[in-house]
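> Just so you know, the sequences run in chain order A and B. Heads up: the first sequence begins at 51 in our numbering, then just goes up one per residue. Heads up: the second sequence begins at 28 in our numbering, then just goes up one per residue.
Hints are computed from structural coordinates only; laboratory data are not their basis. Treat the hints with care, since some could be wrong.
To be verified - Derived DEER-like restraints, expressed as beta-carbon distance ranges:
hint	chain 1	residue 1	chain 2	residue 2	range
1	A	Lys-243	B	Lys-73	19 to 29 Å
2	B	Lys-169	A	Glu-279	48 to 58 Å
3	B	Asp-239	A	Glu-279	44 to 54 Å
4	B	Pro-76	A	Asn-265	29 to 39 Å
Quantities reported herein were computed from a predicted structural model and do not represent experimental measurements. All C-beta atoms, glycine included, are put in the ideal place defined by N, C-alpha and C.
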Amino acid sequence: MTLTEMAEQNKVILYGTWTSPYVKRVELALKVKGIRYEYVEEDLRNKSPLLLTFNPIHKKVPVLVHNGKAIVESLVIIEYIDETWKTGPQLLPEDPYKRSQIRFWASYMQQVSEAMVLVIKTIGEAQEKAIKEVSEKVKLLEAGLKGLFPDGIPSVHEYSKNVTLLDLVILAHFGGYEAQEEVLGLKLIDSEKTPLVVSCITALIEIPAVKESLNPLEKVVAFLKFFRENALKSATA
Amino acid sequence: MAQVTLLGAWPSPFVYRVIWALKLKGVDYEYVEEDILYNKSERLLKYNPVHKMVPVLVHAGKPIAESAVILEYIEETWPQNPLLPKDPHGRALARFWTKFGEDKNPALFGFLRTEGEQQVKATKEGQEQLRILEEQGLGDKKFFGGDEIGMADLEFGWLAWWLEVWSEITGVTLIEAESFPRLHAWIQRFKEFPTIKETLPDRSAMLTHYKDRRATFLALAKS
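Only chain B is shown next, with the shape it has when bound in the complex (with noise of 0.2 Å):
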């Protein structure tokens, strides 16, 4: 088989989409590290010279980047335990909300990145979008890919894992299991699920850069 790179960058949630996707699906990767804040390397630059950013996946030598693309040619490629269902109307439902997860994560990492009434007011809007996401996106599905893992749930997987460790050094709480009780079963179930569970970065050293990264955040918006 040829090859397979990973150039990713740790703890990146759109670099922990791809590792799911090839991991759920059994595919073998070399995944090489790149210091994408302080020191691209040329082989980053050379396979994607347009963002300069990871994930991009590599095979047989030809580059792949943005992780909506990259788990698209996945699927197509390594088509066991499939991440769409066949029908038409299904897939468009799950692109759909990976678009959703695209366009909006920003409003869901906001409160991360801000302190105060600025803080405040980015908890509100990622909520309503979380709203949307517990009423019309998972509903009363099990996943919300429906019985298996999907698209959709790698989409938002970050919710399971990052927003915890955002949580413990922010004080903030923007899915409480009362106010959110489907994405909160949701949470569980997917951070459980026997692959996933393997494929998490290590707490404390999340605890440990994310609060680095808060504090340029805060210095970045003085400035």
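One chain only, chain A, in its complex shape (with noise of 0.2 Å):
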């Protein structure tokens, strides 16, 4: 085999949008172990003939392709990824025990994340609703939490080695935070009820990898209040 056809043979191809969470947490896991990857951006609005290729059952983002072979579910692919590749930091740890609430709490996180997605495309009383759902549902978050760092988050130095899953999952739907608070004008975290939320997430950004994957605050902000006032626009067409 020719070095040309041993690296055809580990290409790694993400397939993904940059609004998208689930992408977001794919791309993370990705950087944190230092796996060299192709990003494609797909329009949702006009999808790729590879993208419908490789995902034909749900025909979403995130696909990660490795090897030619596509593997879909943002969950299913970071195991994947931390099953393949063995640099950078272990993403679920090898306690089962352990494995087992991160897996429980990275699962919970799509809930969550429909009660924020909730409240961005609302006003009024149905805004107030989901506002309470996301107040509740981050509450018992962060208690999750507090039972997986009972000593609180560890310094940036200890952190990096020791990222999990579940930190790339909370900084996939948390990250924009501060943009969600100039669109929605609210906090939807804070570090005085959220305490282990946000020092997961100022720990996360501190790593290089990661810093220069974090969107920029102006496009992150134009692209939620585009899609709010959308939303807004379709609930009284």
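From these two lone chains plus the hints, build me the complex, please.
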């Protein structure tokens, strides 16, 4: 096998959209483990033939293609990444019980995320209701983190070696919290009510590979404003 | 060996999934029946404060909730008779189909909870998902897991037993042998597999239970 063939064999491609936290989860995993990959930005209103070939069932992003084979579903992809590449931090620790807690909370984030999206898409009473839901769910998440980190989040230096799948998922959904605050005029997380969630994000964004993957604030603000306006327009249409 | 306890509710397919996994691996456990419809115990609320649901597995005093999470824990703690292949891509596929089941099960249950036009629609939606399962999930394999029962088989195991009961109650058949030959053959194989065969809820008791549940769903829908 030639060097070129070997390189092709190990080729990693990520199909995604920059606005999706589910794609971000996978991106963060690739970055913290130092895996080289090609990124393909998809237009979800005009999906590429390749995306449809690689994810015919759901036709969604993220899709990871490795050695020509597609893996779909963000958490499934991250477990695949963790099992295939032994560089960088181990995203799921050795202990089966800790693994189960991380999987539980990572899966729970889907519900938190859906509630957050509702906050962005609504106003008035509907939004009040959604905000309350997010607040309750984030409170539970905070308690879950307390169980995993009884002594608080470790220092950045220690942390970067022990980053887990759950940390990446939290960052993927809450990393844009400043933009969310600017657009919504309210805080979904803060250091008083959700100190562990905030410390987790703060520690993670100090890792160079993570820092470079963050989207610029203005870009996220512009997108969230557009997303919200569109949602409110279709709600009243 | 540390104590293994399973909090469950008869005849929940989510709970049976965990029971099958424990039995396939020969793990001894204590089963505790919870009344999840009318009277959840303090113990359940303590062990699963987030969802307040069964199944919950308690091992050496530590609780794990969510059937998919529990199955992964069981697989890692008791590696004999594996439910997942060794290669990462095979594992990713098994996990994909397990998640597919979690996401699509509501669509598949739909016909039990509806009537009239809504039921026709629910049946059609359910069959669309089954088509995907038939052609892409199962394909020409003996089981979803290949030659042996795997995690995805446990996820869909309810199709092999619960569906018949629901068909009898509603008069709706989701999986006809002619339209879904592979799934139909898999159903026979799965429910005849020795460990599974001995671990299926009593059919006539299920008929009574689900007739009742259907009546409740329909009444709720009307209110």
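> Would you mind marking each hint as holding or not holding in the structure?
Structure-based check of all given hints:
1. A:Lys-243 <-> B:Lys-73: 19 to 29 Å: Since the Cβ atoms of Lys-243 (chain A) and Lys-73 (chain B) sit about 24 Å apart, the hinted range of 19 to 29 Å holds.
2. B:Lys-169 <-> A:Glu-279: 48 to 58 Å: At roughly 53 Å between Cβ atoms, Glu-279 (chain A) and Lys-169 (chain B) fall inside 48 to 58 Å, so the hint holds.
3. B:Asp-239 <-> A:Glu-279: 44 to 54 Å: For Glu-279 (chain A) against Asp-239 (chain B), whose Cβ atoms are near 48 Å apart, the range 44 to 54 Å holds.
4. B:Pro-76 <-> A:Asn-265: 29 to 39 Å: holds (34 Å)
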